[in-house]
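So the protein sequences, as listed, match chains L and B. Reminder that position 93 of the first sequence reads as 92 in numbering that gives the first Met the number 0, one-by-one numbering, no gaps. Reminder that position 47 of the second sequence reads as 46 in numbering that gives the first Met the number 0, one-by-one numbering, no gaps.
It is worth saying that the hints were derived from the structure and are not from the lab. Treat the hints with care, since some could be wrong.
[Unchecked claim] FRET-style restraints, in silico, Cβ to Cβ:
#	chain 1	residue 1	chain 2	residue 2	range
1	L	L18	B	A100	30 to 38 Å
2	L	P53	B	A99	14 to 22 Å
3	L	L18	B	I64	12 to 20 Å
4	B	P54	L	K41	36 to 44 Å
5	B	P54	L	K97	16 to 24 Å
6	B	D51	L	P57	18 to 26 Å
All C-beta atoms in this analysis are idealised placements derived from N, C-alpha and C, irrespective of residue type, glycine included.
Protein chains: 2
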Amino acid sequence: MSAEISDTTAAAYARLAELRRSIDNFDAALIHILAERFRVTKAVGALKASADLPPSDPTREAEQIVRLRNLARSADLDPDFAEKFLEFVIREVIQHHKQAASK
Amino acid sequence: MSAEISDTTAAAYARLAELRRSIDNFDAALIHILAERFRVTKAVGALKASADLPPSDPTREAEQIVRLRNLARSADLDPDFAEKFLEFVIREVIQHHKQAASK
C-alpha cells in the first residue's frame with residue numbers, strides 16, 4: 000500500500016474497478032445485441048423493398064414505444080429514456096435504409 | 000387468403016411479422032441490460048461520492064470508446080454508431096448523477 004493513498008481510498012478504487020468490469024461486460028452485450036438487431040432491420044428493409052411494402056409503419060412504431068415504456072417501468076428504468084433510446088436506434092435504422100437505397 | 004392481397008404480399012407480411020418478433024426480443028434484451036447497467040453506474044456514483052473520488056474520468060471514457068469501437072468492428076456494426084451510442088448512454092448517466100446530487 001502506497002503511503003500517498005489511504006486504505007479507504009484504495010478499497011474504493013478496487014470496488015470501482017470491479018463495477019467497471021460489469022459495465023464493460025454490459026456494454027459488450029449491448030453492442031452485440033445491437034449488431035444483431037441491425038442485421039434483422041436490414042432484412043426488414045430488403046423484404047419491404049422486394050415485396051413493395053411501405054417503408055415506414057407509424058402504427059408499428061407507436062406499439063413499440065408503448066411496449067418498451069412498459070418493459071422499462073417493470074425493469075425500474077426511466078420510460079422516457081427507453082423511448083429516447085428506441086428513437087435513437089430507429090434514426091440509425093432509417094439512415095441504413097437510406098444508404099441502402101442510394102447504393 | 001383474401002382476394003385483395005396476393006400470395007407474395009401475404010408471405011412478405013408473414014415474414015415481416017417474424018422478423019419483428021426478433022426485433023421485439025432484442026429490444027427487450029437491450030432494455031433489461033440497460034436497466035442493469037444503470038444500476039451499476041448508480042453504484043459507481045454513490046461510491047465516488049462517499050470515497051470522495053473525482054466524478055468524471057476522461058481516461059476511462061477514452062478507453063471505453065476505443066474498446067467499443069473495436070467490439071463494433073468485430074461484430075460488423077458501424078464503429079461511429081457504437082461511439083454515438085456510448086455517448087448517448089453516458090449523457091444519461093451524467094443526468095442521473097446530477098439528479099442524485101440535487102436530492
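Verification of the hints:
no., hint, in the structure
1, L18/L x A100/B: 30 to 38 Å, "violated, 18 Å"
2, P53/L x A99/B: 14 to 22 Å, "violated, 44 Å"
3, L18/L x I64/B: 12 to 20 Å, "holds, 19 Å"
4, P54/B x K41/L: 36 to 44 Å, "holds, 39 Å"
5, P54/B x K97/L: 16 to 24 Å, "violated, 39 Å"
6, D51/B x P57/L: 18 to 26 Å, "violated, 50 Å"
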